[in-house]
Amino acid sequence: MRRFARKYLNSLSGTAGLAIFTLALLAAVFAPLFAGQNPYDLGQLSILDSRLPPGSVGGDGQVFWLGTDDQGRDLVSAILYGLRISLTVAIVATAFALVIGAIAGLLAAQFGGVVDAILMRMVDLQFAFPGILIALVLLAVLGTGLDKVIIAIAAVQWAYYARVVRGSAMIEKNKEYVEATKVLRFPALRVMWRHLLPNSSAPLMVVVVVEMASAIALEATLSFLGVGLPITQPSLGLLIANGYGFMLTNEYWLSLYPGLVLLVLLISVNLIGERLRQMNDVGESR
Amino acid sequence: MITFAMRRVVQGMLVLAVMSVLVFLAVYALGNPVATLVNPASPPAVIDQAIKDLGLDQPLHIQYLRFLQGTLQGDLGLSYNSARPAFDLIFERFPATLELTTVAMLIAVGVGIPAGLIAGYRPDSVPGRMIGGLSIVGISLPTFWVALMLIVVFSIETGWFPTGGRGEVGTFLGIRSSLFTLDGLHHLALPALNLALFPMAMVTRLTRAGIQENLRENYILFARAKGLSPSRIIRVYLLKSVLIPIATVMGILFGVLLAFGVVTEKVFAWPGIGKLIIESIQTSDRPVIVAYLLFTVLLFTVINLLVDILCVLIDPRLSIAEAK
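Quick note, the sequences are listed as chains A and B, same order.
Just so we're on the same page, this note's numbering is the position in the first sequence counted from 1, plus 57.
Just so we're on the same page, this note's numbering is the position in the second sequence counted from 1, plus 8.
Rather than coming from a laboratory, the hints here were simulated on the basis of the structure.
Fair warning: this is a prediction, and the values are worked out from it, not measured in the lab.
Even glycine gets a Cβ: it sits at the ideal position worked out from N, Cα and C.
There may be inaccurate statements among the hints.
Said to hold, decoys possible - Partial list, derived from the structure: chain B residues whose beta carbon lies under 10 Å from chain A: (1) 54; (2) 56; (3) 59; (4) 160; (5) 169; (6) 265; (7) 270.
To be verified - Distance windows between CB atoms, simulated: (8) 244(A) - 145(B): 16 to 26 Å; (9) 86(A) - 232(B): 30 to 40 Å; (10) 229(B) - 89(A): 57 to 67 Å; (11) 259(A) - 226(B): 55 to 65 Å; (12) 110(B) - 86(A): 40 to 50 Å.
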């Protein structure tokens, strides 16, 4: 583990990515401590402070470093809370997709035959269509909301994990130590959990990070299009969408800064993914 | 080759059949269109009449058979919003989407492949490193946000380009397209650039990865040992071997562009099928959603088929591998 960490930190861009992502994670977790106000407690907002440009000082002496929106909401606070929602959705959705995909991949590799054929045809079908299209249709069917967005993202992404886990499990399966477990009559579940899964972990880690980035982007896009999160749970994507309406009146900051935060977050995750890929020597997955 | 193509055609048709059931079931569960079309406060008789007119009072399997029959005849019913045939709406708007997608694809491939070649062949040179870094930024850029920023900078602040819409449509050789008028091109520039950014980064990365993989192969080492010039190695050996992944990518790319077109079309008010589907989803316009889905499923199946066949034409060994 320590060797792994040292090797990882050997790259400047990988280290930078990890540092930025950790910072974003901390900012999201401790958002209430850093934020100047709770942006969704209407009692703390003053309509007199509405639509102030970045750097303005509000009525009660508070400095709005990135300006305010039409309801006098401090943009820094809104971004911190938005980051929280965006990261929560991405992490939960990634976890779901990982669990479902890993189980499907292990089952396909372990049992082969019909199980394998059915699961892999489902994966193929999924890969034939771009993720955002599938998510759009699912949300059209399910309706919008936090839980539905998570379901839609997980439904789009499980196939990537399934394919990777199946691929490496198939390679491991033919090795002697797995044959030994058969001789010892270990239950299939134990073989899958203790032997096949750990050996898929290196390529799996790369996919987790890469798909995490695409989960963040997918949620933001869906929310921007108005089929993602409800207005009561303003993620970064929704903040950008809200700012969209004020662009023509030159209040560009409402879209610019949440977008920059989103961009930096995505770059940091992709940098981590790039570094892990380099270390594992895994080719481009798509 | 012919058996291979036939097998792929049959597979494609199976996919279409499965998708038609999935699409129908998915959309059947989609909201209640009556609530959006008729004022819920209307008398029950009016609501019942609306349900009857839309055929929603029939059992599910009858609705499916009607749907299948209609689909095969190219008739999916009228849009709930505009009372026009759903397929007509799709076909009317598809040229605009095709135009945007094609131009974006040309930009993406035109920049992406050379950039990937440079970055793959000389990963540690200054341009190689820059391309590598930029491609990370490229895949991280949220398309919708970039669209907004392009509008702020190039339309609102400088006034160089229009904020949205499709320009004047000209006719050339019987094809109607906004590519043939200056005004059309002027309107097309920003949306096409916006749509091209993500796939451009993707093509760059894939080409780079393909080149790097091949550089380690013995045949390249041998070519180098023979003293061949780098440009000859790239042109004759490397390009050939990365052609297959690139052909596959072009297929995927078309899908990505069609999908992200939804975002670009919405922001730039581009009157294509992407904007149509978003509006239809927001208003639960079932016939249009179904028509869109069936149309894209067909489009994707055909593209995947063509890509598979193209790959076999490039490398005939693939069809043998498949048969085993």
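Tell me, in ascending order, the numbers of any earlier hints that this structure violates. Violated hints (numbers, rising): 1, 2, 3, 5, 8, 9 and 11; every other hint is consistent with the structure.
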